[in-house]
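Peer 1: Listed here are the chains, written in short residue letters.
Protein chains: 4
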Amino acid sequence: MAKRKINMGMVGGGPGSFIGRVHHMAAMLDGQIELVCGAFSSNPEKSKVTGAEYYLPADRVYDSYQEMITEEAKLPEGVRMDFVCIVTPNHVHFEPAKLAMENGFHVVCDKPLALDADEAEVLVRIKEETGMLFALTHTYSGYPMVKEARKLVKDGELGKIRKVVVEYPQGWLSEPLEKTDHVQASWRGDPKKSGKTCCVGDIGTHAFHLAEYVSGLKVEELMSDLSTLVPNRVLDDDANMLLHFRGGARGVLFASQISAGEENQVILQVYGEKGGLEFRQHEPNTLTIKWLHKPMEVRRTGTAFVSNIAAYNTRTPAGHPEGYLEAFANIYRNAATCMQHLLDGTEPPEEALDFPSIYDGLRGMRFVDKAVESSGNKEWVQF
Amino acid sequence: MAKRKINMGMVGGGPGSFIGRVHHMAAMLDGQIELVCGAFSSNPEKSKVTGAEYYLPADRVYDSYQEMITEEAKLPEGVRMDFVCIVTPNHVHFEPAKLAMENGFHVVCDKPLALDADEAEVLVRIKEETGMLFALTHTYSGYPMVKEARKLVKDGELGKIRKVVVEYPQGWLSEPLEKTDHVQASWRGDPKKSGKTCCVGDIGTHAFHLAEYVSGLKVEELMSDLSTLVPNRVLDDDANMLLHFRGGARGVLFASQISAGEENQVILQVYGEKGGLEFRQHEPNTLTIKWLHKPMEVRRTGTAFVSNIAAYNTRTPAGHPEGYLEAFANIYRNAATCMQHLLDGTEPPEEALDFPSIYDGLRGMRFVDKAVESSGNKEWVQF
Amino acid sequence: MAKRKINMGMVGGGPGSFIGRVHHMAAMLDGQIELVCGAFSSNPEKSKVTGAEYYLPADRVYDSYQEMITEEAKLPEGVRMDFVCIVTPNHVHFEPAKLAMENGFHVVCDKPLALDADEAEVLVRIKEETGMLFALTHTYSGYPMVKEARKLVKDGELGKIRKVVVEYPQGWLSEPLEKTDHVQASWRGDPKKSGKTCCVGDIGTHAFHLAEYVSGLKVEELMSDLSTLVPNRVLDDDANMLLHFRGGARGVLFASQISAGEENQVILQVYGEKGGLEFRQHEPNTLTIKWLHKPMEVRRTGTAFVSNIAAYNTRTPAGHPEGYLEAFANIYRNAATCMQHLLDGTEPPEEALDFPSIYDGLRGMRFVDKAVESSGNKEWVQF
Amino acid sequence: MAKRKINMGMVGGGPGSFIGRVHHMAAMLDGQIELVCGAFSSNPEKSKVTGAEYYLPADRVYDSYQEMITEEAKLPEGVRMDFVCIVTPNHVHFEPAKLAMENGFHVVCDKPLALDADEAEVLVRIKEETGMLFALTHTYSGYPMVKEARKLVKDGELGKIRKVVVEYPQGWLSEPLEKTDHVQASWRGDPKKSGKTCCVGDIGTHAFHLAEYVSGLKVEELMSDLSTLVPNRVLDDDANMLLHFRGGARGVLFASQISAGEENQVILQVYGEKGGLEFRQHEPNTLTIKWLHKPMEVRRTGTAFVSNIAAYNTRTPAGHPEGYLEAFANIYRNAATCMQHLLDGTEPPEEALDFPSIYDGLRGMRFVDKAVESSGNKEWVQF
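So the protein sequences, as listed, match chains B, F, R and V. When we follow the working numbering, the leftmost residue of the first sequence carries the number 1483, and every step to the right adds one. When we follow the working numbering, the leftmost residue of the second sequence carries the number 1483, and every step to the right adds one. When we follow the working numbering, the leftmost residue of the third sequence carries the number 1483, and every step to the right adds one. When we follow the working numbering, the leftmost residue of the fourth sequence carries the number 1483, and every step to the right adds one.
These aren't lab readings, by the way, just hints derived from the structure by calculation. Keep in mind that the hints are not guaranteed to be accurate.
Identical chains blur together in the list; that is why a pair holds if it fits in one copy or across any two.
[As the list claims (entries may be wrong)] Listed below are the simulated DSSO-like cross-link pairs for lysine-lysine, each with C-alpha atoms no more than 27 Å apart in a straight line:
#1 K1678 to K1556
#2 K1776 to K1661
#3 K1642 to K1700
#4 K1700 to K1487
#5 K1487 to K1661
#6 K1642 to K1580
#7 K1556 to K1633
#8 K1633 to K1776
#9 K1530 to K1485
#10 K1633 to K1674
#11 K1675 to K1485
#12 K1860 to K1642
#13 K1528 to K1636
#14 K1675 to K1633
#15 K1776 to K1642
Using the sequences plus the hints, can you model the full thing?
Peer 2: Here is the structure:
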């Protein structure tokens, strides 16, 4: 393994950014990654302010991501950044990701991958051409109990899967916050920055990824009903869908930003011939398994009774609850571990390869396109 | 109020019946109703066995519901039954209900009301012509916290309703029990006895009633996806739907009998402009209210902090949990209270009028018809 | 089995009584018991009012329990009451229980058994001399999941028991309600009616019974700390104790009536060498088992995965929650089943013998005496 | 504020250490602290291994804490460590803490502070003489909802406090792990390393701190019952206590390492005249408030409805669960913020001063002494 930390450069995350701070904490947690540079804002002054808050030397705080990528590429290995993390609004994912890979930098990118499937396909091509590592932060798949759930399904413990229900209710857009100066709401409500949807792209893609990740099944057909419940809002704030999975399983997916009073609940239920499982993100250290022919079972993060893959993604013993930042950090740690092995020319452990990829990102963008199409036509669409 | 108990005659509920025993316990709980006669089975021997178990005199145990209705009608008021409770499979609801009303008896009928909307309309007409009282046992609306939820919505505490999610997962038909001698499963799996659906009629109607009862809204359009997940099964065992309510609210309804490991969960979530509410039937004494602009609140059965209508339907102080039988008993108690006032020629209290009616039954049958139509055509249907 | 219902006469339970109504509902639920007479109040007018509410004929409503016992004894078997249920305040348990047994009537008595261990011992002697059946309504032991817990311990599944924690917090006496006209509070706060304690006798005895019933262990030594937290109150309203069980297990018991905001929570935790169990009365259909060497397990009322004794005390399938009244009704049903077998001269099933007995009542009264003694002297006392 | 990160040196935390990794993650999370040196083990080879894992240069990895403190003191400010974090077993807290403060280094020390109150008093004296900052990692007080609870009590929202119940059950020592090579168990079971107790010192002190921290009350008298339930074990593994607080409130405290199947639950309940609160560490983002005169309320980490002090100690929005590491990190962040202000000569914000102090540590050691004394003599002891 490398004798040095992996160097990170950040794109976005300037003053007022929520997700920038989250990425930084997730990257710092394990002491394996160092933030060495950043282009935190398209406004150079704001970029400087954030750079100082992160104790960066002034010469590693850049005015633009273009400048950062160009200048860092000139620095020697070990000094220059190894990867960029992209924490900008959706419309500023494509360009920096493309440029970074083309200049030999790995990428950790916030979701959704891009504005549509066309952009996503370009990124996939470049990733394949450059061979750079690409991680997408579908955080919820980082929880140990989500990985346990996936393992359980994969091992056939539930039998053939028949039904998947995934719910992602939020309430924070119950009022037209996008018409105030609310940083998070304003860009999400603006089609130029958010893309053709708000709710589906922002949180529906998380739910979609979780459903496919855990069930191991692919959606092949969907019926979508996107709505805008807050008067005069431009984009959708509520999305309900019926799903058909390849192989015959049925599904329900709903995501909402107007489920008033909901925080950021994410609930996944998967049912097979022999039993069902339930994961509720507000209490993420618990996985409930409801067996058809024996009593209900509760698996818990950090116990001796979970799979290797769950244990690999756990930091504390049972009863020392892990949370959102640890799930997020698992993506960083696994990606960084792979980067270290790339530096060393060694093979990473299989467990470290388990983080959301650019292909998950592409699939998410297709999901967005299909959801919009189905809802517009009020009919089932093939995936 | 009447100086005597209200007399009940039972149709169905012979050996092996689950729901017959439930109706009996629900009717007995408050000491207001007496079982005076029964036609418990189409098999006279079986009817006698059950009659003896209920300590009935032999001459009040009948060989058929036709005989019971005819013979009881000859007895004097106060001796004869005042109402019939119908606890037979779906295909034996229509005839006894019709006959009972035509002979001057009130009816408490298990759900769904009949086999289809046509039958239901006939019953509605007869009910209106005869003026008899008719209660339908949509049990879940009998819970105090469901009534509290309805009151909350009605009083506008949540603001305009925007979204309703209702879930009814069961797992007991994960295997083809209908091909064994399982009493409950065999008739439910047989279209002649169950009607054109299994899952939708049996539990989907409960979910549908609950959604409309609490939200106060009417579904005007739905998109349904009925499936049969267990191989070689005749009827549906899983049903997922998207709902549009009059006035613009959106909804999701799903019911399932193949959600392996689920018992009999019923979950209702209703979201308005100002907050949302959540009711989970497995813990029915709790109503969670998630406010947009203040902390989450938990209302509990039996406390001093609930509405009159909730209190009216409660028997024990807070912390003495009430359950399914008490919810069921509320339908009987309210209906019987109305019958007592009819005997007395007095007005019942407004609270006693709150039980599911024949109109709810008709609406449920229309729901079944529409769900089947939408799923078959894979398109949205108007309600 | 008897061809007739078991006849019940009630002592106490007049206007304003909470527990009288509860006993009545519990007795009615299974249709096995009929209320035939009552002496509902020491005030004959009040007794009449309640008698009419229960639809009793006037000649079976008595002015006093003495009159009721004398007069009923003159009626023929099958007409006269078979047993009395005593639902009066503590100071009116001893006399009617004694008189009933001496006149050949079985007894179902509310807890605590009497005012002190001396009274209790007299009742035990009379019970043994007369051979009458005597049931004490320690309701919480009537829950199916409490019986499941007991079975689990008895079968050695948890290994040798090491620790028992039982908690019974209420908050309803956080204010001096006993100085108002609050019916329940006034007699409980009066030493003449309640005995030498309020909190210990009223709810501490429930906790004590539950701990011994489930663990199968007997307390041999205790250290008690009784307090009166509400100013100017006469009796204790909070009780905390350390327990030593025969065989070495340790325990903690606390009961409180000033745990403001608590409803009527009862929590039992029992730990053995191999695992622990947890029962929480507010959600009584769940028994959580925390294993040392395997994942946590959840057993649920009504499932196929529980013991015979739990199933015997269950009325509805899984997911149709049972509550306090059903637990209460189990005591009545089991006692009444034994009475029916006594009438028939047959042996009752072993499961029906499982209800709290007069010996549990005696033990409870000793517990009260020891708790008062220990707290007064601030030292450990032998049991 | 300082333009540089705060420099940390670690004492202990070598191979196999659990708590060393936890301290490191907690220190890293916010990007405010840098690990610059360490004496990770009394075995220099092991110290080197750990140093390399943390990417430390070889010359900052020391063979002993004495060497580290001496050598670091020679380095210039900004290069040398600013504080030591002490993550060794209990018997190696006193010496390095003393030496560090005497050489001008701040201290973050794992709990309990020392082996007994005598050692603790010496450390208090030195802290006062040197003026160094001293933080003790009573982690559970770092949770935002614990701080919310404290604020609620302090603001009088619950009225005068009457009762405090604190529970800390673990099950991991249900078997004699200390007789295996289990790193955590062996030193904890050894009186030379652990002190005069195992359970009381290790986790009882956490419970005691939490009770006093949230209630704002001081224990003045206690009755303790320490037991050793696992045969042939040297120290206590179960501790149950009755508490009297100054001002009249009553309390119960129990801690256990043989509550088989329990992970690391910590539960606090505080009751006042107007309501009670409940905090359960396994779900630490929820604070339940049970009001006497209004419905139960649930306050949640990250919502807009909590106090400034809770918000100050929160990193993510509501519904993005925080856990144990974030609570731990709050102690580091607050202490480091104070250190930065000391460097700058400015006043830290009041919120940053809220971390467990050396005085809490002294109080914890007195608690240990009193608990042992009371249990040995089987009598109440003054505090």
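Peer 1: Now look at each hint and say whether the structure bears it out.
Peer 2: Each hint, compared with the structure:
1. K1678 to K1556: neither (38 Å within a copy, 61 Å between copies)
2. K1776 to K1661: For K1776 and K1661, only the inter-copy Cα distance (22 Å) is at most 27 Å; the intra-copy one is 53 Å.
3. K1642 to K1700: Within one copy only: 14 Å inside a chain, 37 Å across chains, cut-off 27 Å.
4. K1700 to K1487: neither (37 Å within a copy, 47 Å between copies)
5. K1487 to K1661: neither (42 Å within a copy, 39 Å between copies)
6. K1642 to K1580: Answer is neither; intra-copy 40 Å and inter-copy 45 Å both fail.
7. K1556 to K1633: Neither way: K1556 and K1633 sit 43 Å apart in one copy and 53 Å across, limit 27 Å.
8. K1633 to K1776: Intra 20 Å, inter 18 Å, cutoff 27 Å: intra and inter.
9. K1530 to K1485: Answer is between: at 13 Å across copies they meet the 27 Å cutoff, but 30 Å inside does not.
10. K1633 to K1674: For K1633 and K1674, neither the intra-copy (39 Å) nor the inter-copy (43 Å) Cα distance is at most 27 Å.
11. K1675 to K1485: Close neither inside one copy (40 Å) nor across copies (35 Å); limit 27 Å.
12. K1860 to K1642: Between. Shortest inter-copy distance 25 Å satisfies the 27 Å Cα cut-off; intra-copy 30 Å does not.
13. K1528 to K1636: neither (47 Å within a copy, 40 Å between copies)
14. K1675 to K1633: Result: close neither inside a copy nor across copies, 36 Å intra and 41 Å inter.
15. K1776 to K1642: The answer is both: 18 Å in one copy and 25 Å across copies each meet 27 Å.
Hint compliance for this structure: hints 1, 4, 5, 6, 7, 10, 11, 13 and 14 are not met, and every other hint is.
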